[in-house]
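Student: Residue numbers (the UniProt record's numbering), protein chains in the order written: chain L, 1 to 368; chain H, 1 to 368.
Hints were generated in silico from the structure; no laboratory data involved.
Certain hints may be false.
One copy or two, it doesn't matter: identical chains are merged, so the pair holds either way.
Claimed, not checked - Okay, derived cross-link-like pairs now, BS3-like style, lysine-lysine, Cα gap no bigger than 27 Å in a straight line:
(1) K97 to K368
(2) K368 to K230
(3) K304 to K103
(4) K97 to K32
(5) K157 to K97
(6) K157 to K103
There are 2 protein chains.
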Amino acid sequence: MASGTRELTVDLGERSYPIYIGTGLIAQLGEKFAERGFPVKSPILLVTDSAVEGLYASAVEESLRARGYTVARAVVPSGEASKSLEMLDTLVEQALKAGLDRKSTVIALGGGVVGDLAGFVAASYMRGVRFVQIPTTILAHDSSVGGKVAVNHRLAKNIIGAFHQPEFVLYDLDTLASLPMREVRAGLSEVIKHGLIWNAEFVAWCDDNAERLLGLDPDALGYALYEGCKVKSIVVSRDERENDLRAILNLGHTIGHALEAVAGYGELLHGEAIAIGMVGSARLAGRFGYAADIEETTERIFRKFGLPVRIPESCPTDEIMSAMLHDKKFSEGNMVFVVPTAIGSVEIRRDVPSAWVTDIVNGLREGK
Amino acid sequence: MASGTRELTVDLGERSYPIYIGTGLIAQLGEKFAERGFPVKSPILLVTDSAVEGLYASAVEESLRARGYTVARAVVPSGEASKSLEMLDTLVEQALKAGLDRKSTVIALGGGVVGDLAGFVAASYMRGVRFVQIPTTILAHDSSVGGKVAVNHRLAKNIIGAFHQPEFVLYDLDTLASLPMREVRAGLSEVIKHGLIWNAEFVAWCDDNAERLLGLDPDALGYALYEGCKVKSIVVSRDERENDLRAILNLGHTIGHALEAVAGYGELLHGEAIAIGMVGSARLAGRFGYAADIEETTERIFRKFGLPVRIPESCPTDEIMSAMLHDKKFSEGNMVFVVPTAIGSVEIRRDVPSAWVTDIVNGLREGK
Ligand SMILES: NC(=O)c1ccc[n+]([C@@H]2O[C@H](COP(=O)([O-])OP(=O)(O)OC[C@H]3O[C@@H](n4cnc5c(N)ncnc54)[C@H](O)[C@@H]3O)[C@@H](O)[C@H]2O)c1
Ligand SMILES: NC(=O)c1ccc[n+]([C@@H]2O[C@H](COP(=O)([O-])OP(=O)(O)OC[C@H]3O[C@@H](n4cnc5c(N)ncnc54)[C@H](O)[C@@H]3O)[C@@H](O)[C@H]2O)c1
Ligand SMILES: [Zn+2]
Ligand SMILES: [Zn+2]
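Okay, chain L solo, but in the shape it has when bound (with noise of 0.2 Å):
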């Protein structure tokens, strides 16, 4: 390992994995294969997407070829409508043509959407194969802890899928430096609320550091996607299946995945939409008489890192109120709201009464 690389594990028992962060990690890739005895005899599909590919597809194959394994090369258009089951068709299609076996690992290389999508043919190939992940965007510090794999359906997103933990992740903090700066800031977003939700030292540290980390300083960027990753695994491992702590995780995403769906998905950035919802829920919290700090903190951290933290226009009130009330049947009957109690704190709430949730979005449009 590189010096300044991090490494944490995310702690499932049997299922356990460690994350490596850090820089130049791509050309110790083969080398970890080599380590961890996956068998050179059966060959490796490498997932990827057409803004990725380009940039480092090449490396990921030669740091795997210069140990000996085979790799087949899969690139899908880059965007959330790949998360399909035609692109699962034809990724397995792919698979069998490249002669994977149950031996044989998927790995992910991109952000959220490539390691949804190759996570759920890893799930599902031969009935689970092994996974690996190379994030390249900051958002996907998410979804590289947890094992939550999927793809959406035409009437609904993450529809389809499974649990399926990778065997390890590899997060080579160069690849960030290609992101387009919006899709950063979107990612730290994630990063922030992961602070917001468990840890206020942290949320105090990326006030204190915003500039490096829009800068991608990497030793910043190490600690501060350690530091999130840290507290996902966390929570994740006191609750694998989804029960009732992991549900914390969605702190901002009652709101966030309503303006998501409002507004059309794609105009809105999934980081930039919770950022927004993060605002109203620290306003809940003044409702229910939680310190006023609270507000004021969130709304002030979010501006900095260059966040929207208003609704747009383009986003009514009834129809944001209906989108919220549509995802409720999920959750037996009632909507659901993370609340913070402080900074770095949360609690679950069934009880919000509706009237302060069409207040609160009333109140939180532009010159308000």
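Following the hints, complete the assembly by docking chain H with the ligands onto the known chain L.
Tutor: Coordinates of chain H with the ligands only, in the frame set by chain L:
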């Protein structure tokens, strides 16, 4: 439970589940759901096929509705072609429209096709919901144990799937009355296979009770299905994720699968193809010097059950051989055979000379 109901536990730690085998069981389904605390608020998806729907779907629904459950019915065309990603897409759409949530159940009412397909829906919808099987074929005793669920890809059978254990299996023998006689015989082939790999006494019992079994005598059938499920259950309990021991379940399948592929899927039923395959394996046993009565007994018993014991003219030896060689890539380069060492026990051989196989395939012809 009705008197005469047999109960077997498939022992898989926290994923253990019971199989109930007997008559009049569908009427008790609602009661079973209630006893086990399946929530009435969460809708149920009943998946069945076009041949089974008109016969038993209403009885299943009535039994559940009498206990307050909401059931949506989803019907797929009868036949192997329904095990597809397209059908998964359609069923997920129906599940969404019916409002299925994380606490919902998917029920498979039908043979192995419906079981495998509905099981994969249950495994992947919202990353996994409850699954209950109501097998209506004899062959499905096999798929009711082990949790293997899957759909096909146009390039390979059962290639996209999961391990997803049911909550329980309700084997109502009354449903078997409508099964075409050819399906009865083919299903019994797999029952006898379970005897041949594990239990010589049970093979002798099948031999003595062929007439009762073919006449669908409920007591004989209940016993045979119980014993068949028990053998499979012992094997999978010791090897849930299919490593080594589980391979013994493939007695007759190396040749059998090749015959199915060459004859064209649907020409030979699976149970018919493996009957021929088991006669082939018995001949292999002879080559390895095991007792000659293996071959004699194997062939006699399948003849008695009206199953084919010779390879059809439409399957040339070279095509069978190449189908088998094509299969081998899934097991790292060696043709794998399950070879009987006596009636009731087998061993796995990776050292079978392909010349022996060619000989045996050539020899398994009408008139020889
Ligand atoms: N499984 C989970 O637990 C989990 C958690 C959070 C999000 N997700 C999923 O993740 C997805 C969003 O992830 P994302 O934001 O990473 O999206 P993404 O994968 O679409 O990546 C964002 C964009 O950046 C491009 N890109 C990626 N890496 C790049 C790089 N290094 N340089 C230049 N361009 C690059 C991509 O092509 C894409 O256009 C969603 O589908 C979401 O459902 C899953
Ligand atoms: N998951 C496993 O472990 C496992 C094991 C063995 C086989 N399988 C799968 O099972 C499938 C074969 O199972 P099958 O033989 O039950 O096939 P099937 O489900 O196609 O049923 C055979 C035929 O009988 C009809 N039928 C079913 N029940 C009936 C009834 N009670 N009355 C009248 N008609 C009825 C069906 O419509 C169909 O036409 C294959 O797809 C195979 O891959 C899975
Ligand atoms: Zn999120
Ligand atoms: Zn079989």
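Student: Does each hint hold? Answer for all of them.
Tutor: Status of each hint after checking the structure:
1. K97 to K368: neither (58 Å within a copy, 39 Å between copies)
2. K368 to K230: neither (36 Å within a copy, 69 Å between copies)
3. K304 to K103: Neither. Shortest intra-copy (47 Å) and inter-copy (41 Å) distances fail the 27 Å Cα cut-off.
4. K97 to K32: Classified as within: same-chain Cα gap 26 Å, cross-chain 45 Å, threshold 27 Å.
5. K157 to K97: between (29 Å within a copy, 14 Å between copies)
6. K157 to K103: between (30 Å within a copy, 18 Å between copies)
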